[in-house]
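Could you put together the complete structure from these sequences and hints?
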Amino acid sequence: MKQQRKSAIAILVGAAALALSTLSSAQATRIGAVYPLTGGVSYDGITKLNGAKLAVDEINAKGGVLGRPIELLSEDGACNPAQSVASAEKLITQSKVVALLGAICSSATGAIGETIKKYKIPLISGVSTAERLTEQNNPYFFRATTTTTLNGKSMGETLSKIANGKRVAFIVTSDDWGRSAAQSYGDSLKARGAEIVATEYFDRAETDFAAMLTKIRAAKPDAIISTGGFQNAANVTKQARQMGLQQVIIGEGAFTSEAYNKLVDPFTDNVFGIIEWVSVIDSAQNRKFIDDYKAKYKEIPTKFSVAGYQTVYILAQAIQRAGSTDGEKIAAALKATNYDGLTGNYRFDDKGQAYNFNMYIVANVNKGQNQVREVVKIGKQ
Amino acid sequence: MLETIAQYAFNGLVFGANYALIGIGLTLIFGVMNLANFAHGQFYMLGGFLAYMLVVKLGVNYFAALPLAVLAVAALGWLLERTVFIRLRDRSPMTGVLATIGLAILLESGALLTWGPQPESIPNPLSPMPIEIGPLFITPMRLFVLGVTVVFLLGLYAFMNHTRTGTAMRATFQNRDAAALVGVDIDRLYAVTFALGAGLAALAGVLLGSLFLVHPTMGDSATLKAFIVVILGGLGSVIGSAVGGLILGMAESFGTMVSSAWKDAIGFILVIVILLYRPDGLFRR
Numbered sequence: 001m002k003q004q005r006k007s008a009i010a011i012l013v014g015a016a017a018l019a020l021s022t023l024s025s026a027q028a029t030r031i032g033a034v035y036p037l038t039g040g041v042s043y044d045g046i047t048k049l050n051g052a053k054l055a056v057d058e059i060n061a062k063g064g065v066l067g068r069p070i071e072l073l074s075e076d077g078a079c080n081p082a083q084s085v086a087s088a089e090k091l092i093t094q095s096k097v098v099a100l101l102g103a104i105c106s107s108a109t110g111a112i113g114e115t116i117k118k119y120k121i122p123l124i125s126g127v128s129t130a131e132r133l134t135e136q137n138n139p140y141f142f143r144a145t146t147t148t149t150l151n152g153k154s155m156g157e158t159l160s161k162i163a164n165g166k167r168v169a170f171i172v173t174s175d176d177w178g179r180s181a182a183q184s185y186g187d188s189l190k191a192r193g194a195e196i197v198a199t200e201y202f203d204r205a206e207t208d209f210a211a212m213l214t215k216i217r218a219a220k221p222d223a224i225i226s227t228g229g230f231q232n233a234a235n236v237t238k239q240a241r242q243m244g245l246q247q248v249i250i251g252e253g254a255f256t257s258e259a260y261n262k263l264v265d266p267f268t269d270n271v272f273g274i275i276e277w278v279s280v281i282d283s284a285q286n287r288k289f290i291d292d293y294k295a296k297y298k299e300i301p302t303k304f305s306v307a308g309y310q311t312v313y314i315l316a317q318a319i320q321r322a323g324s325t326d327g328e329k330i331a332a333a334l335k336a337t338n339y340d341g342l343t344g345n346y347r348f349d350d351k352g353q354a355y356n357f358n359m360y361i362v363a364n365v366n367k368g369q370n371q372v373r374e375v376v377k378i379g380k381q
Numbered sequence: 382m383l384e385t386i387a388q389y390a391f392n393g394l395v396f397g398a399n400y401a402l403i404g405i406g407l408t409l410i411f412g413v414m415n416l417a418n419f420a421h422g423q424f425y426m427l428g429g430f431l432a433y434m435l436v437v438k439l440g441v442n443y444f445a446a447l448p449l450a451v452l453a454v455a456a457l458g459w460l461l462e463r464t465v466f467i468r469l470r471d472r473s474p475m476t477g478v479l480a481t482i483g484l485a486i487l488l489e490s491g492a493l494l495t496w497g498p499q500p501e502s503i504p505n506p507l508s509p510m511p512i513e514i515g516p517l518f519i520t521p522m523r524l525f526v527l528g529v530t531v532v533f534l535l536g537l538y539a540f541m542n543h544t545r546t547g548t549a550m551r552a553t554f555q556n557r558d559a560a561a562l563v564g565v566d567i568d569r570l571y572a573v574t575f576a577l578g579a580g581l582a583a584l585a586g587v588l589l590g591s592l593f594l595v596h597p598t599m600g601d602s603a604t605l606k607a608f609i610v611v612i613l614g615g616l617g618s619v620i621g622s623a624v625g626g627l628i629l630g631m632a633e634s635f636g637t638m639v640s641s642a643w644k645d646a647i648g649f650i651l652v653i654v655i656l657l658y659r660p661d662g663l664f665r666r
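Taken in sequence, the protein lines are chains A and B.
To convert, note that position 269 of the first sequence is 269 in the working numbering; the numbers rise steadily by one, no gaps.
Offset between the second sequence (1-based) and the working numbering: plus 381.
Keep in mind the hints are simulated off the structure, nothing from the lab.
There are no misleading hints in this set.
Residues from chain B shown here face chain A by an in silico Cβ test under 8 Å; the list is partial:
hint, residue
1, Thr385
2, Tyr389
3, Asn392
4, Gly497
5, Pro500
6, Phe593
7, Leu594
8, Ser602
9, Met638
10, Ala642
11, Asp645
Once the Cα atoms are required to be at most 20 Å apart in a straight line, the calculated SDA-like pairs of lysine to any residue come out as:
hint, chain 1, residue 1, chain 2, residue 2
12, A, Lys298, B, Gly497
13, A, Lys262, B, Ser508
14, A, Lys367, B, Pro504
15, A, Lys220, B, Gly515
16, A, Lys262, B, Met510
17, A, Lys220, B, Leu517
18, A, Lys262, B, Gln499
19, A, Lys220, B, Ala387
20, A, Lys220, B, Pro511
21, A, Lys220, B, Ile386
22, A, Lys298, B, Gln499
23, A, Lys220, B, Glu513
24, A, Lys262, B, Lys438
25, A, Lys380, A, Glu135
26, A, Lys220, B, Met638
27, A, Lys220, B, Pro516
28, A, Lys220, B, Met382
29, A, Lys262, B, Pro509
30, A, Lys367, B, Met510
31, A, Lys262, B, Leu507
32, A, Lys220, B, Ser640
33, A, Lys220, B, Val639
34, A, Lys262, B, Gly440
35, A, Lys262, B, Met434
36, A, Lys262, B, Gly497
37, A, Lys294, A, Ile59
38, A, Lys220, B, Ile519
39, A, Lys367, B, Ser508
40, A, Lys262, B, Pro504
The beta carbon of each residue, even a glycine, is placed where N, CA and C say it ideally should be.
In structure tokens:
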């Protein structure tokens with residue numbers, strides 16, 4: 001008898017807990033993140049998710065949006081177009097999210113494009129830079145970061161100052177990114193009287209740059225411009241210095257990052273990084289973000305954490321402005337974005353491309369200490 | 382122009398010698414065991430990571446870590462032959478290929494889980510500063526890599542031609558059944574061959590890992606390069622792989638003079654040409 005009563009109570013408590021949990025999740029506004037959480041880009045994906053979670057916690061602590069908390073649900077996209085589409089579908093149809101964030105790799109972000117059109121759910125990407133993403137006339141797609149072409153247009157003056165001479169050589173990845181960098185930075189520098197003396201393309205899996213650098217050395221450049229993730233950036237820099245190339249190196253990607261500096265030691269100096277965010281940006285908002293992030297995750301945030309953090313805020317403010325969780329209304333509200341983030345002010349143009357925010361040119365000084373050398377405002381395309 | 386050519390030739394030599402190491406390991410395993418080892422690049426990757434672990438996590442001296450890492454991978458190769466590949470010996474060649482592809486995925490994912498996706502460098506006591514010899518810029522590490530590789534290639538040549546095990550390997554290359562009939566211990570020979578092949582790949586991994594960086598996915602391109610080298614030289618030919626490696630290294634280096642974007646295509650173009658005119662490779666066995 002006693003036993004029966006006990007189990008009856010247990011069932012009641014269980015049912016009550018279940019009812020409560022469905023109640024709270026029905027109340028929360030759900031947003032979804034499709035980031036690569038496994039595979040080669042997983043570190044970036046996980047730090048981006050951490051940044052997004054921090055923003056959600058902050059917003060919820062201040063009462064959420066439309067008087068309700070935000071709930072962030074994430075699915076692994078693995079940087080793979082097919083898996084990212086499946087994850088986006090799952091978040092939209094099963095978890096009923098009202099908007100999406102993602103998916104880091106441009107190919108995966110592009111693939112989700114059709115899915116968000118079909119379900120009329122807005123997507124904000126904070127990292128994917130492939131040009132074509134904002135050229136597909138997709139009213140639900142928003143990019144809260146730069147593209148290499150935009151960099152080229154806005155940075156010509158600054159770059160020609162740093163290049164310290166008229167002869168410029170490119171050593172860039174042989175994909176969309178590297179080719180558009182060589183094109184847009186090249187055009188922008190040529191318009192200011194520079195001469196492009198060599199352009200070398202390499203595969204991302206490449207480790208040996210000795211032959212390409214030999215060719216570049218023979219062209220006698222004043223500055224070398226490069227693109228690449230950690231591994232390419234570190235190998236290019238180290239080998240350039242070892243081949244006797246002491247020129248200024250300006251790099252887009254992982255150049256001047258902490259991990260990069262560790263790998264290229266002792267060749268860290270006279271390198272400039274073109275980067276979306278860096279820890280030494282001097283603002284109260286940035287310092288608070290870094291402190292909070294460190295307190296929560298016991299590590300230093302990356303530019304991916306910042307992208308995750310800022311895109312959540314942009315989305316939350318749009319939902320608030322829309323006064324609704326309807327996808328079309330959120331998308332319309334996103335067009336009116338005017339967000340003051342860690343890296344300047346964000347607005348979107350008609351194509352969903354952000355502008356008016358900052359890009360940073362970071363110099364390595366004193367054996368790999370970062371210093372913001374120039375702040376460049378990205379203009380409307 | 383001449384100075385540039387000297388630099389290209391030196392770069393090509395360092396790489397050619399390393400391609401030869403990887404290629405010979407692959408061709409030995411193929412020649413003796415009739416097994417196309419698609420996990421070859423993963424042994425190369427493991428060599429690099431074990432050396433990294435030994436130096437960074439355990440504080441072992443670099444010059445001691447190098448042979449230790451190679452021996453550890455060779456031991457793993459021996460163990461894999463005795464436990465896995467011995468069971469597949471008389472199955473169709475496709476079964477062996479599938480097993481090595483599975484092994485490649487297992488090793489690569491295992492490395493990703495253990496060490497994470499970040500590339501790492503193997504600290505070494507050699508100076509990172511270049512030595513200028515006339516027009517040539519050479520780092521001590523590149524010289525060291527070249528020296529060790531050449532010593533091993535010569536040692537391997539002596540081993541194949543002047544030891545009982547080497548002679549037994551060559552006999553098994555030619556005819557496994559006849560070799561067994563005249564008293565070659567096939568079981569032992571297979572294990573030794575697989576261990577040697579894995580060890581050679583690991584050696585290349587440690588050397589190139591110290592020159593550049595080690596990361597979990599570095600094995601994929603190494604496997605591809607190894608197959609190019611082996612096809613160039615002729616499947617199962619040790620001399621062929623040595624020459625094939627050198628040709629590939631030089632072709633890639635000098636190919637950059639024309640266009641760096643084509644660098645990786647050059648190897649495959651060479652393979653197509655060789656297969657068209659000498660379907661058995663440059664050195665028929």
